[in-house]
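A.B. asks: Below, each chain spelled out in residue letters.
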Amino acid sequence: MKAIGKYSLASILAWGLYVARVVIFSAFVGLSIAAVFTPLLPFIAPALDDLPGVSVSNHLDLSGGDYVEIMNHFVTFGVMLFIVNRLLEILRTLRLGSPFAGENAERFRQVGFALLLGEGAKVAFLILGGVFDADVDLNFEFITWIAMAAVLVLAEVFRQGAKMKEEQDLTV
Amino acid sequence: MSIGVKLDRVLLDRGMSLTELSERVGVTIANLSILKTGKAKAIRFSTLEAICKELKCQPGDVLTFVDDGAPNDHDG
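Protein chains in written order, with my numbering: chain E, 1 to 172; chain L, 1 to 76.
To be clear, the hints were calculated from the coordinates, so they are not data collected in a lab.
Hints should not be assumed to be uniformly reliable.
[To be verified] Using 25 Å as the maximum straight-line C-alpha spacing, the simulated BS3-like pairs for lysine-lysine come out as follows:
| # | chain 1 | residue 1 | chain 2 | residue 2 |
| --- | --- | --- | --- | --- |
| 1 | L | K6 | L | K36 |
| 2 | L | K41 | L | K6 |
| 3 | E | K163 | L | K41 |
| 4 | L | K39 | E | K165 |
| 5 | L | K53 | L | K41 |
| 6 | E | K163 | L | K36 |
| 7 | L | K39 | L | K56 |
| 8 | E | K163 | L | K39 |
| 9 | E | K165 | L | K41 |
| 10 | L | K53 | L | K36 |
| 11 | L | K6 | L | K56 |
| 12 | L | K39 | L | K53 |
| 13 | L | K53 | L | K6 |
| 14 | E | K165 | L | K36 |
| 15 | L | K56 | L | K41 |
| 16 | L | K6 | L | K39 |
| 17 | L | K56 | L | K36 |
Working from the sequences, and respecting the hints, build out all of it.
C.D. replies: This is the structure in structure tokens:
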């Protein structure tokens, strides 16, 4: 299979990531709306009850745990969206045939730190979940930490690769 | 520490243009421009040999060492 160009592995991966981006973005927008409106629901519920055939207050049973759960999903999808965007930018440079650029090293480093942020957020939400009695489903997987290390190593490899590429370009 | 390039002066002395030198040594004008403007990070012996051969000069005529007090890049 070709490495770059049409029908290459990079372009197939890019298409997959474009689809993933649309799905994650939709979920992220939904969660953003939920994150903004859920704390406001107790205040706007009486106004909604005034509408004919609408009864919100009777079904409104929100606790602090619900907010924690929404924020947990909000951060998770935000991190996923950030990572997918960085990977798409890297794939774009790969398709153009110039992947060894300093920008890509920085993008890989950002992906590594985004994964670290995601894991750090899990700890924060675990603590908040205990405080607010939320049913937050958190799985700390060792493979995520391995992936984080792999991405940060890859960032360093790309940084060195970019330096070598620059040196090669400036050798006459 | 830096290495200066005096290619433009040697070309002027020989009455040769960069385009002509490019055709003679088989190096693109873009690469020769990088060398002439001092942006090059390295020069291959084969390129230097070809330039010296065509310009009938020594490497020292094209390159010069300028001690500006800055540390060497390879010193870590």
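A.B. asks: Compare the structure with each hint and give your call.
C.D. replies: Results of checking the hints against the structure:
no., hint, result
1, L:K6 <-> L:K36, "7 Å, holds"
2, L:K41 <-> L:K6, "15 Å, holds"
3, E:K163 <-> L:K41, "11 Å, holds"
4, L:K39 <-> E:K165, "15 Å, holds"
5, L:K53 <-> L:K41, "22 Å, holds"
6, E:K163 <-> L:K36, "22 Å, holds"
7, L:K39 <-> L:K56, "24 Å, holds"
8, E:K163 <-> L:K39, "15 Å, holds"
9, E:K165 <-> L:K41, "11 Å, holds"
10, L:K53 <-> L:K36, "17 Å, holds"
11, L:K6 <-> L:K56, "14 Å, holds"
12, L:K39 <-> L:K53, "23 Å, holds"
13, L:K53 <-> L:K6, "16 Å, holds"
14, E:K165 <-> L:K36, "20 Å, holds"
15, L:K56 <-> L:K41, "24 Å, holds"
16, L:K6 <-> L:K39, "13 Å, holds"
17, L:K56 <-> L:K36, "17 Å, holds"
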